[in-house]
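Undergrad: Below, each chain spelled out in residue letters.
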Amino acid sequence: MRPGTLILISFLSIPPLTILFLSTGAVFVPPDKFLASGPYSLIVWEIRLPAAIAAALIGSILAVSGAVMQILYRNPLLDPYIAGTASGAAFGALLAYLLATAGRAYFFLYQVPLAFLFAAIASAVTLAVGRGNVYATVIAGVAVSYLFSAATTIGLSYLSSRVPQIPPLAFWLFGYIDYVSYRVDAALAAIAAALAIAAIKEARRMDLIAISDEMAKVRRIRPDGYRLAWISAISLSTALIVSQVGVIGFVGLMVPHVARLALRNGSATAVIPASAALGAPVLLASDAVARGLLGFSAPVTAITSIFSAPVIVLVLHAGKRAER
Amino acid sequence: MQVRGLSVRLGGSYVLEDVSFDIVEGLNLVLGPNGAGKTTLLRTIAGIYKPVKGRVDVRGEVGYMPAEFADAYMPVMDVLLAGGRRSPGRYLAWLKAVGLEGFENRIFSELSTGQKRLVLLAKALAEGELVLLDEPTANLDPAHKALIMGVLQRVKKLKTLVVATHDLDLVNIADNVILLKGGSAIQMRPEELNEKVLSAAYGIPILVVEADGRKLFLPRYDV
Ligand SMILES: Nc1ncnc2c1ncn2[C@@H]1O[C@H](COP(=O)(O)OP(=O)(O)OP(=O)(O)O)[C@@H](O)[C@H]1O
Ligand SMILES: [Mg+2]
Numbered sequence: 001m002r003p004g005t006l007i008l009i010s011f012l013s014i015p016p017l018t019i020l021f022l023s024t025g026a027v028f029v030p031p032d033k034f035l036a037s038g039p040y041s042l043i044v045w046e047i048r049l050p051a052a053i054a055a056a057l058i059g060s061i062l063a064v065s066g067a068v069m070q071i072l073y074r075n076p077l078l079d080p081y082i083a084g085t086a087s088g089a090a091f092g093a094l095l096a097y098l099l100a101t102a103g104r105a106y107f108f109l110y111q112v113p114l115a116f117l118f119a120a121i122a123s124a125v126t127l128a129v130g131r132g133n134v135y136a137t138v139i140a141g142v143a144v145s146y147l148f149s150a151a152t153t154i155g156l157s158y159l160s161s162r163v164p165q166i167p168p169l170a171f172w173l174f175g176y177i178d179y180v181s182y183r184v185d186a187a188l189a190a191i192a193a194a195l196a197i198a199a200i201k202e203a204r205r206m207d208l209i210a211i212s213d214e215m216a217k218v219r220r221i222r223p224d225g226y227r228l229a230w231i232s233a234i235s236l237s238t239a240l241i242v243s244q245v246g247v248i249g250f251v252g253l254m255v256p257h258v259a260r261l262a263l264r265n266g267s268a269t270a271v272i273p274a275s276a277a278l279g280a281p282v283l284l285a286s287d288a289v290a291r292g293l294l295g296f297s298a299p300v301t302a303i304t305s306i307f308s309a310p311v312i313v314l315v316l317h318a319g320k321r322a323e324r
Numbered sequence: 001m002q003v004r005g006l007s008v009r010l011g012g013s014y015v016l017e018d019v020s021f022d023i024v025e026g027l028n029l030v031l032g033p034n035g036a037g038k039t040t041l042l043r044t045i046a047g048i049y050k051p052v053k054g055r056v057d058v059r060g061e062v063g064y065m066p067a068e069f070a071d072a073y074m075p076v077m078d079v080l081l082a083g084g085r086r087s088p089g090r091y092l093a094w095l096k097a098v099g100l101e102g103f104e105n106r107i108f109s110e111l112s113t114g115q116k117r118l119v120l121l122a123k124a125l126a127e128g129e130l131v132l133l134d135e136p137t138a139n140l141d142p143a144h145k146a147l148i149m150g151v152l153q154r155v156k157k158l159k160t161l162v163v164a165t166h167d168l169d170l171v172n173i174a175d176n177v178i179l180l181k182g183g184s185a186i187q188m189r190p191e192e193l194n195e196k197v198l199s200a201a202y203g204i205p206i207l208v209v210e211a212d213g214r215k216l217f218l219p220r221y222d223v
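Residue numbers (the numbering used here), protein chains in the order written: chain A, 1 to 324; chain B, 1 to 223.
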């Protein structure tokens, strides 16, 4: 399949998935009632549409982030979830509530920066401990994720009695794309566009780093600094996502692999634009399932993990075959 | 082009000390035992390492082929275009020159080691006038090695090549030899590379035999 075809299929699947998404939830809204006035229009246009837009944009951001991490670290099992970036962000975002209870105002001013700080620390620790080894990095990521998830759980146990409006544990650990405002959509759109444009522009240079650090250095690219810059950008994007919708896992891991398999090409030039496009319908569909297609609502990571497990098994299997 | 008084320090100790030699047009061979500093010398010429002393005077763009590289899962064309330096047509012309015409859509990671080296050789040749090659004939079967040596012999009339290697057969197509040992360098003509010099450099007796109009180098293993 050519990248253009995959991108076209992704875009064409967004309108029907959006209609499905808008109908789905605690109350079923048939598509012919979308434009009727009354409570339906409030649900569809003020609650579900901003959530649908957020799901599509977050899917795209996470998929591009995963693709960039996998390419730059030559590690097929990396994404912001596996690397601990998201768990770190969740802990940082929760910490903002703690500061809020301590009476510091301007909660929204420091929630994202705190989430960013811990997202960056978590990613840096994972990648430093992993030292470029594929499996060591994954194990380090699991350990870092567990550590921050535990800290989040403990923090929440302490906070939930004091701050009644704090989101529940399932939100922090597994994500709920609910109650997203159009303002947040605008911020997500800016991040999605900036990340995709920058990554597509840099794709040829990323490919060079994927082949050889040495060849990159001859071209005056500092691979370590370059990787760090991207990890910072990805940590910042993850921080904004997690502080709004909690931790969403596996999209960033799975989508680049689907793109790679479909295109039979793992170059950044091919995988990044395809992931940017494909991430949107994948999370849109996952979240439609999560918010009610099963008859009840579940956190979205519960759904994405079910989609992703077969992909991970496939990757590990292919890796084993290559070693033989 | 030349290297003068070059000293390079890595991890606190000197790897190269006061190294001077000329880079001639044609094929410059860098020889020396494991750890002698061949790769370090190439990297310093390429500008990857900054010398603590001395200077490297080179002209033109540098093409570089590393000894080790990742098994990138991407078409050969994307490998060639990685870094975004030159036009596709130029890369394709060099791909043809190394004998891999029609390979541009093959997956790089699914090629043989020798073919992968040839792809990176084509890339280095397309990107530089001064082309630095680190062990281009390592792990190759006789046919692939002959292919790469044939390519090197032809392109050395167009490009200045600096080749780091343990493969003494390359002496037969070299125009200049730089022998590294213990951090310093001796420059000599390929004809000067006799049994005495080689045996001293590598620490074991190496016989030099003339056959079929070229030199064969035979290390003794029973010492
Ligand atoms: N990044 C580094 N930090 C510290 N020491 C280094 C570094 N890179 C190389 N060295 C040391 O410098 C010396 C020269 O290494 P270099 O790789 O240049 O040798 P070489 O001649 O290419 O060897 P080989 O034939 O095995 O490829 C070695 O002793 C090596 O241990
Ligand atoms: Mg070497």
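Don't take every hint at face value.
[As the list claims (entries may be wrong)] Computed far set for chain A versus chain B, every beta-carbon distance over 10 Å:
1) R2
2) I43
3) L208
4) A210
5) I211
6) A216
7) N265
8) G266
9) S267
10) V289
[Said to hold, decoys possible] In silico SDA-like pairs for lysine to any residue, Cα to Cα no more than 20 Å straight-line:
11) A:K201 x B:R86
12) B:K50 x A:K201
13) B:K116 x A:P3
14) B:K157 x B:D141
15) B:K116 x B:P88
16) B:K53 x B:G26
17) B:K196 x B:K156
18) B:K116 x B:K157
19) B:K181 x B:F69
20) A:K201 x A:R2
21) B:K50 x A:P223
22) B:K159 x A:R74
23) A:K201 x A:S232
24) B:K181 x B:G35
25) A:K201 x B:S87
26) B:K50 x A:R74
27) B:K156 x B:A146
28) B:K116 x A:R74
29) B:K116 x A:R264
30) B:K116 x A:R2
31) B:K196 x B:D222
32) B:K96 x B:I107
33) A:K201 x A:R219
34) B:K159 x B:D141
35) B:K50 x A:S232
36) A:K201 x A:P3
37) B:K50 x A:R264
38) A:K201 x B:K156
39) B:K116 x B:E135
40) B:K50 x A:R2
Since the hints were derived computationally from the structure, they do not count as laboratory data.
C-beta: ideal position from N, C-alpha, C; glycine also.
Undergrad: All hints are to be evaluated individually against the structure, with a verdict given for each.
TA: Structure-based check of each hint:
Non-interface call for A:R2 relative to chain B: holds, since the shortest CB-CB distance, roughly 12 Å, exceeds 10 Å. Even its closest Cβ contact with chain B, about 45 Å, leaves A:I43 beyond 10 Å, as expected for a residue assigned away from the interface. The claim that A:L208 lies off the interface is violated: its Cβ sits roughly 4 Å from the closest Cβ of chain B, which falls inside the 10 Å cut-off. The claim that A:A210 lies off the interface is violated: its Cβ sits roughly 5 Å from the closest Cβ of chain B, which falls inside the 10 Å cut-off.
The non-interface label for A:I211 is inconsistent with chain B: the shortest C-beta to C-beta separation is roughly 5 Å, within 10 Å. Interface exclusion of A:A216 from chain B breaks down, the closest Cβ pair being 7 Å apart, not more than 10 Å. Distance to chain B contradicts A:N265 as a non-interface residue, since its nearest Cβ pair spans about 6 Å, not more than 10 Å. Its beta-carbon lying about 4 Å from the closest one in chain B, A:G266 breaks the requirement of being farther than 10 Å from that chain.
Chain B draws A:S267 into its interface by the beta-carbon criterion, the shortest separation being 4 Å against a cut-off of 10 Å. For A:V289, the non-interface assignment is confirmed: its Cβ lies about 31 Å from the closest Cβ of chain B, beyond the 10 Å cut-off. A threshold of 20 Å between alpha carbons decides the hint, and for A:K201 with B:R86 the separation of about 16 Å falls inside it, so the pair holds. Restraint check for B:K50 and A:K201: the C-alpha separation of about 29 Å exceeds 20 Å, so the hint is violated.
For the given pair, B:K116 sits about 25 Å from A:P3 by alpha-carbon distance, which is inconsistent with the 20 Å threshold. At roughly 25 Å between alpha-carbon atoms, B:K157 and B:D141 are farther apart than 20 Å, so this suggested pair is violated. Proposed proximity of B:K116 and B:P88 is supported: the alpha carbons are some 18 Å apart, at most 20 Å. Between the alpha carbons of B:K53 and B:G26 the distance comes to roughly 27 Å, so the proposed pair goes past 20 Å and is violated.
Using a Cα cut-off of 20 Å, the hinted pair B:K196 and B:K156 is violated, with the two alpha carbons roughly 28 Å apart. Of the pairs offered as hints, the one joining B:K116 and B:K157 is violated, with about 24 Å between alpha carbons and a cut-off of 20 Å exceeded. With a C-alpha separation of about 26 Å, the suggested pair B:K181 and B:F69 falls outside the 20 Å cut-off, and the hint is violated. Of the supplied pair hints, the one linking A:K201 and A:R2 holds, its CA atoms being roughly 19 Å apart against a limit of 20 Å.
Note on B:K50 and A:P223: the hinted pairing holds, with a Cα-Cα distance of about 16 Å set against a maximum of 20 Å. Distance check on the hinted pair: B:K159 and A:R74 sit about 32 Å apart at the alpha-carbon level, beyond 20 Å; violated. For the proposed pair A:K201 and A:S232, the alpha carbon gap of about 18 Å is at most 20 Å, so the pair holds. The hinted pair formed by B:K181 and B:G35 meets the criterion: a straight-line CA distance of about 9 Å does not exceed 20 Å.
With a C-alpha separation of about 17 Å, the suggested pair A:K201 and B:S87 falls inside the 20 Å cut-off, and the hint holds. Pair hint B:K50 plus A:R74 does not hold up; C-alpha atoms about 27 Å apart against a cutoff of 20 Å. For the proposed pair B:K156 and B:A146, the alpha carbon gap of about 15 Å is at most 20 Å, so the pair holds. As the CA atoms of B:K116 and A:R74 are separated by approximately 18 Å, the hinted pair is consistent with the 20 Å bound.
Taken as a hint, the B:K116 and A:R264 pair is honoured in the structure, with Cα atoms around 18 Å apart against an allowance of 20 Å. Taking the CA atoms of B:K116 and A:R2, the gap is near 24 Å; set against the 20 Å cutoff, the hint is violated. A C-alpha spacing of about 18 Å is found between B:K196 and B:D222, which places the hinted pair at or below 20 Å, so the restraint holds. The straight-line distance between the Cα atoms of B:K96 and B:I107 is roughly 17 Å, inside the 20 Å bound, and the hint therefore holds.
For the given pair, A:K201 sits about 16 Å from A:R219 by alpha-carbon distance, which is consistent with the 20 Å threshold. Only pairs whose Cα atoms come within 20 Å are accepted, and B:K159 paired with B:D141 is rejected, the gap being roughly 25 Å. The suggested pairing of B:K50 with A:S232 is violated, with an alpha-carbon distance near 28 Å, which exceeds 20 Å. Taking the CA atoms of A:K201 and A:P3, the gap is near 16 Å; set against the 20 Å cutoff, the hint holds.
A hinted pair counts as satisfied when its Cα atoms are at most 20 Å apart, and B:K50 with A:R264 does not qualify at roughly 40 Å. A distance of roughly 35 Å separates the Cα atoms of A:K201 and B:K156; the hinted pair therefore is violated under the 20 Å criterion. A hinted pair counts as satisfied when its Cα atoms are at most 20 Å apart, and B:K116 with B:E135 qualifies at roughly 13 Å. Note on B:K50 and A:R2: the hinted pairing is violated, with a Cα-Cα distance of about 43 Å set against a maximum of 20 Å.
In terms of the numbered hints stated before, the structure departs from hints 3, 4, 5, 6, 7, 8, 9, 12, 13, 14, 16, 17, 18, 19, 22, 26, 30, 34, 35, 37, 38, 40, listed from lowest to highest.
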